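In the order they appear, the protein sequences are chains A and B.
Just so it is clear: in the first sequence, position 110 is 109 by numbering that gives the first Met the number 0, and no numbers are missing.
Just so it is clear: in the second sequence, position 152 is 151 by numbering that gives the first Met the number 0, and no numbers are missing.
I should point out that these hints are in silico values taken from the structure, not numbers from a laboratory.
In this text the structure is predicted, and so the values were computed from the model without any measurement.
Where hints are given, some of them may not hold.
To spell it out: a stretch of chain A is covered by chain B in this simulated footprint if at least three of its residues, at any positions, have a beta carbon under 8 Å from a beta carbon of chain B; those stretches are [to be verified]: (1) 26 to 38; (2) 81 to 90.
Using C-beta positions, here's what the derived DEER-type ranges look like [stated by the list, open to error]: (3) B:ILE86 with A:ALA204: 54 to 64 Å; (4) A:GLN87 with B:GLN69: 14 to 24 Å; (5) A:LEU138 with B:ASN40: 17 to 27 Å; (6) A:GLN87 with B:ARG8: 53 to 63 Å; (7) A:LEU138 with B:TYR114: 32 to 42 Å; (8) A:LEU159 with B:GLN69: 13 to 23 Å; (9) B:ILE132 with A:ILE185: 15 to 25 Å; (10) A:GLN202 with B:ARG8: 23 to 33 Å.
Note that beta-carbon positions come from the ideal geometry of N, C-alpha and C, so glycine has one too.
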Amino acid sequence: MPSENDANLVACPSCDLLYDVGDMHHGEKASCSRCGCFLTRVRDDGFAKMQSYSIAGLICLVIGCSFPFLSFESSGIESIMTLPQTAQQLYDQGRPDLSFLVAAFIIFIPGAVLFLLLVLSTCMLRQKFYQWMIPVTRLVFHMQNWAMVEVFFIGVLVSLVKIGHMATVVMGISFWGYGAFSLLFISAVGCLDRLQYWNELDQLARLQHAR
Amino acid sequence: MPGETAASRNLASCHLCLKLADASLHQCPRCGEDLHLRKSNSLQRTLALLVTASILYIPANILPIMVTDQFGTSTDSTILGGVVLLIDMGSIPIAAVIFIASVMVPMGKLIALYYLCWSVGAGRPASPRQRTIMYRGAELIGKWSMVDVFVVAILVALVHLTGLLVILPGAAAVAFAGVVMVTMVAAESFDPRIIWDQQEDVDE
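Extracted from the complex, chain A is given alone in its bound form (with noise of 0.2 Å):
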């Protein structure tokens, strides 16, 4: 029975299952043998990981907004787009609400969701507790559903398949700066454990209220 040692326990998110997960080590992975729900994966390195990730990913998503993202040339008339145009132009064309929700989508939730990874993480390496650590932690979790970076590169992709036949398309330096920022995105955002995540917080809440 593991009652005596219930910090070590974690119900299943999808099905209830009581586990004990304190004998973990680094690179272990633990699903729930009944649903096959992913539980926890332990990683000695996430924070320097998610730290270097979301550093790097700002800066290509700096990038990504600052430079043309694509061109399309026809019958000698060239446009080019960047990227926060595509917000732009929905807004002058009496769509406000679709340019809110594209803006909100591809660049302030991942935005956001980045910078606040980086000031998160670089308090742990630092062994810095906090207390608006836990609200912003929240917000961190309760925004990544919203980040939609990888979806919008796709989105990118058939955009080219679908217009490419009209005319030369060009892409610019900021879609590189985007594909490169989805990618660090996506790996910094993997580096965030739930359960390990939480347990390091308590533990280090628990070593400043003990100083």
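Starting from the structure of chain A, add chain B where the hints point.
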């Protein structure tokens, strides 16, 4: 070895930080989220959201998703119309990709969630593992149908040759974005643990 569930020990697992706490608490002692043994009114909420999404799905398919203005003549295109056009042009693989992403995925997700609600409501204990996998699939593909909305956003911003060729966003794009978001929330409000609760009742 089917072990114990958290509920059988009167422990509630926080959906945000996975902390186990006494089920009589209303807030997670670690992160402060609302704490429930099971998500409250999970079936009713999911069903209500599914109905909303299904209603939104009608304008999303009937209204034009984008309007192409070429040399002053404008052509409306609906989601299905776009697929048919691509087939006519002979680009079967692209037509297939768009058909899967914008017709099959959202439909499949709606049907899967309706089925899950029905099977739980009707108390069918069959194959909970398969139904859990089905649920996880519906949750996973959730945001991928947003591809269509993004394609519209990109084409509107990119194809902007005034007087020659302009693409404008249609009303269906908003409705379609609504369908995707509402089904995402619907999937989130469904609690897969109730599938297993019934199984345990049968076992006992």
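Verification of the hints:
Counting residues of the region 26 to 38 of chain A whose C-beta lies closer than 8 Å to any C-beta of chain B gives 5; at least three are required, and the coverage claim holds. Taking a C-beta to C-beta cut-off of 8 Å, the region 81 to 90 of chain A contributes 6 residues in contact with chain B, enough for the three needed, and the coverage statement holds. Range check, ILE86 (chain B) to ALA204 (chain A): about 59 Å between beta-carbon atoms, so the 54 to 64 Å window is met. The hint said 14 to 24 Å for the Cβ distance between GLN87 (chain A) and GLN69 (chain B), and at roughly 23 Å that hint holds.
Between LEU138 (chain A) and ASN40 (chain B) the Cβ separation comes to about 25 Å, which falls inside the hinted range of 17 to 27 Å. Between GLN87 (chain A) and ARG8 (chain B), the C-beta spacing of about 54 Å keeps the proposed range 53 to 63 Å intact. For the pair LEU138 (chain A) and TYR114 (chain B), the supplied restraint of 32 to 42 Å holds, since their beta-carbon distance comes to about 33 Å. Against the hinted window of 13 to 23 Å, the Cβ-Cβ separation of LEU159 (chain A) and GLN69 (chain B) comes to about 19 Å, which satisfies the hint.
In this structure, ILE132 (chain B) and ILE185 (chain A) meet the distance hint of 15 to 25 Å, their C-beta atoms being roughly 22 Å apart. At roughly 24 Å, the beta-carbon separation of GLN202 (chain A) and ARG8 (chain B) lies within the given 23 to 33 Å, and the hint holds.
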